[in-house]
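Given chain A, work out where chain B should sit, using these hints.
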Amino acid sequence: MSTENLTANLYLLTPEFVLAGFALLVFVLDLFLPDERKDLLGWLSVLGLIGIAILSIAMLVGVDESLYNGLLAVDEYALFFKVFFIGIGVFVILSSIDYVRQYLNHPGEFYGLLLFSVLGMNLMAMSRELLTAYISLELLSFSLYVMVAYALGSPKSNEASLKYIIIGAVSSAILLYGISMVYSTLGVTRFADIGEELKVAGDVSPALWAGLALIVAGLGFKLAAVPFHMWAPDVYEGAPLPITAYLAIASKAAAFALVLRLLAEAFVPVADRWDQWQIILVVLSALSMLVGNLVALAQRNLKRLMAYSSVGHVGYILAGTAVLSTDSLLGANGVIFYLVGYSVTSMVVFAALIAFFNATGQEEIVDLAGLADRQPFLAMAIAIGLFSLSGLPIFVGFTIKFYLFTAVANEGYLWLAGLAILTSLISLYYYLQVIRQMYIQPALAAPAEGGGDSSGDAVVDETEAEGIPAGVDEHTHTAAHHEPSSEYVPLPRPSVALIAVVFLGLVATVGLGVYPAPLLELVESASAAVMQGG
Amino acid sequence: MNSFDQSALLLTILVPLAGAVLSMFLPRNRPNDAWYFAIFVSAITLVISLFLFVGYDFAAGGYQFVRVYEWLDEPLNIDLHLAMDGIAATLVLLNGIVLFGAVLISQTIKHRSRDFFVLLLALGSGVFGVFVAQDLFFLFFFYELAVLPMYLLIGVWGSSTIFEADRQRLWGIPLPFDLGSYNRPKEYGAMKLMLVLVGGSVLIWVGILAMYVASDQFGSPTFSMQILGELSKEGAFSPTFQNWVFPLFMIGFGVLAGLWPFHTWSPDGHVAAPTGVSMLHAGVLMKLGAFGIIRVGMVLLPEGAEAWMPVLIVLGTVNVVYGAISAMSQRDLKYIIGYSSVSHMGYVIMGIATLHPVGLTGAVLQMFSHGIMTALMFAMVGAIYERTHVRDITILNGLMKRMGFASFFFAIAGLASLGLPGLSGFVAEFMVFTGAFKTYLPFAILAVIGAALTAIYILRLLARTFFGEADPRWEGLTDASPVEKTVGAAFVLILLFVGVWPAPFTRVINVGVDSVMSLF
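Chains as they are written, first to last, in our numbering: chain A, 1 to 534; chain B, 535 to 1054.
Rather than coming from a laboratory, the hints here were simulated on the basis of the structure. Virtual Cβ for every residue (Gly too), placed ideally from N, Cα, C. Treat the hints loosely; a few may be bogus.
Restraint-style ranges between C-beta atoms, simulated for each label pair [said to hold, decoys possible]: (1) B:795 / A:173: 25 to 33 Å; (2) A:442 / B:581: 38 to 46 Å; (3) A:364 / B:581: 46 to 54 Å; (4) B:564 / A:170: 32 to 40 Å; (5) A:518 / B:772: 48 to 56 Å.
Selected chain A positions facing chain B (in silico; Cβ < 10 Å) [unchecked claim]: (6) 58; (7) 60; (8) 209; (9) 333; (10) 387; (11) 398; (12) 408; (13) 410; (14) 439.
Here chain A stands alone, though its shape is the one from the complex (with noise of 0.2 Å):
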């Protein structure tokens, strides 16, 4: 093993370089930005992130090579989740700035963090290696550790932040002592000689059981999975909103992108023991799903609702990592394709949600109510967001979970998929639910007259002293056409940045339910790359 070796291709990881020296030059501008032009580094950090994806994709177009001795891999699958992860960090970021700006100090270390925990994921998706995974994935959780705490004042963000950090180092240290067995039943860590190990070992002892164990837990903790799920509720409801997005769409992503390597290299190809191994995820898969929907049925809150729901949608993908398998890439494609149209979708989701509360600062379901006369748009692009996580056509939402369950039945789970179909129309009720608010409820009457110190006057005013126009368009005829008893109060328009998220997001969400085949030929390419070894 000599330096050469090392250091011969190391220019393959120019993208990251890129993008850890990026968000330190976020750190320092920071220093120099007075605090009314701190909007110029969410924007900085859009372009970054966009100028870093390019530059990947140029550089790394069917590159396929293993970097230190095969601790990263830089193949398709890594740049497929980069582009990816870079993707979901751009449009967090647009979908936060006015959420920063409005209700969070220190924005600069917000967009730095950020990019940390995007340099996190990214390494995820690239380690073969035990500790390499181990210490990307404590990059990513410790940037988020930081940001959900981010909401100094609020008593919620702090319980949740702690209950985060603590959990998360209790998982860690689970994980770690998990590796730790592992290493010293087998004498390796990278991916793929653990597969070699187990091939050739006669029994499996007891302590290689318990380490596999302990390593399935840690990173059950880090999906939320039942019985793992325990934590998720109480964080992202105590989460600044455009953290929960954070943690439901790319944390999950990026701890899904390490499984699904870890599994492919190192447990799929010891065939005869894998067999047995499924039945472990799918106990999980069936857990989650069943959970995470029922209890769903029961929340009031809606940053707990998506909660729980995205417990449910781990149990769906939970359920295609289980029926992983060597001779079919249908298994990977559908994990693979199910995470971009939930991360899609749900993007639509909560940007929806965000320009919501940034309007009137109001979070529970029944706050929704009339939301279709107070703001059509995001009435519309939430009720489409839900009925795609629902899996009704003509949006991703569909077509990704007749892809995956697809998988899932074929490799001889029709039970399980049975299973999933049915949580999904379970899903359907609490979805509907809330488009029941927003649609059918008429708006809460009118904030009683005598001053505008209620929240939603106050950030009327606050827009339009910015010259963003409020909402004073057509809803006043439309007032005055219909039921002119219920009086409504109109919400102000989102920003620009927040339309062109909730925009795009619709875009795809009815374009890949539509016309998924191009995407579906590039998660093929990565699957391809991940499932056929290094």
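Relative to chain A, chain B alone:
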């Protein structure tokens, strides 16, 4: 075949869908614009569907207007494969007509009318898709697309029902307990309909996946109904497999067809829905269910169908009799029509279950005939309710004097529904009975009794509500608007046409039915 011929089927799906998308960009505060635009779009689809029906070459038979568009490659292999046989041709025409009528009737929708027509057109597009899709993926895709808009259509634009306390009597006999008056809000109907229908589609989805997996043993797995049909003919699917998968389709699709005991969503949904949606829903959407049983269940799993038909005939007969008895005990006009739909879908189900060419032809003709007559009834009830704000038949009376046209149209539809010779219902029901007499005699007799019950509640309704003494409170009523008259007259003419000269329909339907029956 010219290029229009080739893409006509795709156009039936795309035109309403594109119309829905374009409608989103209309101004929000001018309800008439949305209506005019929807009329324009649905008129185009009506013309296309007429063209398809007339252009279907019944002498040649089989699937026509075939077009395959590649959609997904390996490993899933899904094509957008469109084609139309005689059965589908009839139903495509039905959807074209009812969609156009429903759009016209919805002139009265002023509140958020743009959104209303977006959803209505999307629904129409989904229905066309189900009739012409030849791939299980797309069939299911369009099936769900047709169900999706219902929740909002009913929830936002529907109406709630209040049952008053003195309703606690059954056929005049007071109930031993008092339930008091209660409210059945429109959200209830909307939610119930949505969950039950999507619940049915859970079974369908599992059935589709089971077919896909089962076809894996013969080369590559597939969703293509053509390939699956050929596999089935070669005996690829074992009887055991067929016996457990067929009920998934039978019940899954049956839910939408109003199959007893999964029918309760249907009256509640129809009553809560706004007029145009009730028309489309009872007129066309319920037919999707029956169509699915034929197209997916019977064609792909003939042995399973044969094994389960005795069950289906029992359920169908219960539908007929139970639906009629329930309709008799209702006082709400819309509930009466709702239950009569359940009863009439029973004839369709019975016709399917006979597995007899005449019975099956009757079932398909009944789908068409019932689609038109029930749409007409809902349209006229909508017109009456619009003016009186009452649907209680003990309060409404003597409407003939005030609303002559509306009452006349309703009466014709009612007579068609009780099977008066000369109107379409008679032909269709007669064929179903013929089929049933040849196969399941006792059930045929029960069904005829059901038809007699229909006569009772329809005639009682006509006598009391339309021909009785008029209450002075109805003096100021205006008759149907020009739009309502147009729709009413057109639909009555269709009922008469089919009743007097059913051959143009039966000869097209026969071609489709023969190819289905050749499997048995």
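Per-residue hint verdict: residue 333 of chain A, partner chain B, C-beta under 10 Å: This interface hint holds because 7 Å falls under the 10 Å limit.
| Has the hinted range 46 to 54 Å been met by the Cβ atoms of residue 364 of chain A and residue 581 of chain B? | 49 Å, holds
* **Minimum beta-carbon distance criterion (10 Å), residue 410 of chain A to chain B** => Holds, because the Cβ-Cβ distance from residue 410 of chain A to chain B comes to roughly 6 Å (cut-off 10 Å).
**Prompt:** Should the interface hint for residue 387 of chain A be scored as holding, given a Cβ-Cβ cut-off of 10 Å against chain B?
**Reply:** 6 Å, holds
* Asked: Against chain B, is residue 209 of chain A within 10 Å by beta-carbon distance?
  -> Constraint on residue 209 of chain A not satisfied, violated at 32 Å.
CB of residue 518 of chain A to CB of residue 772 of chain B, is that within 48 to 56 Å?
39 Å, violated
Hint check: 10 Å Cβ-Cβ cutoff, residue 60 of chain A to chain B: 25 Å, violated
task = For the hint on residue 439 of chain A, just tell me whether its beta-carbon gets within less than 10 Å of chain B.
result = Cβ of residue 439 of chain A sits 5 Å from chain B, so the hint holds.
Classify the hint on residue 408 of chain A as holds or violated, based on whether any CB of chain B lies nearer than 10 Å to its CB.
8 Å, holds
Just tell me: holds or violated, for the beta carbon distance of residue 795 of chain B and residue 173 of chain A against 25 to 33 Å? Roughly 55 Å apart at Cβ, these two residues miss the hinted range, so it is violated.
**Asked** Hint check: is the beta carbon of residue 398 of chain A less than 10 Å from a beta carbon of chain B?
**Response** This interface hint holds because 7 Å falls under the 10 Å limit.
Does the CB of residue 58 of chain A sit less than 10 Å away from some CB of chain B? 27 Å, violated
Hint violations for this structure: numbers 1, 4, 5, 6, 7 and 8, all remaining hints satisfied.
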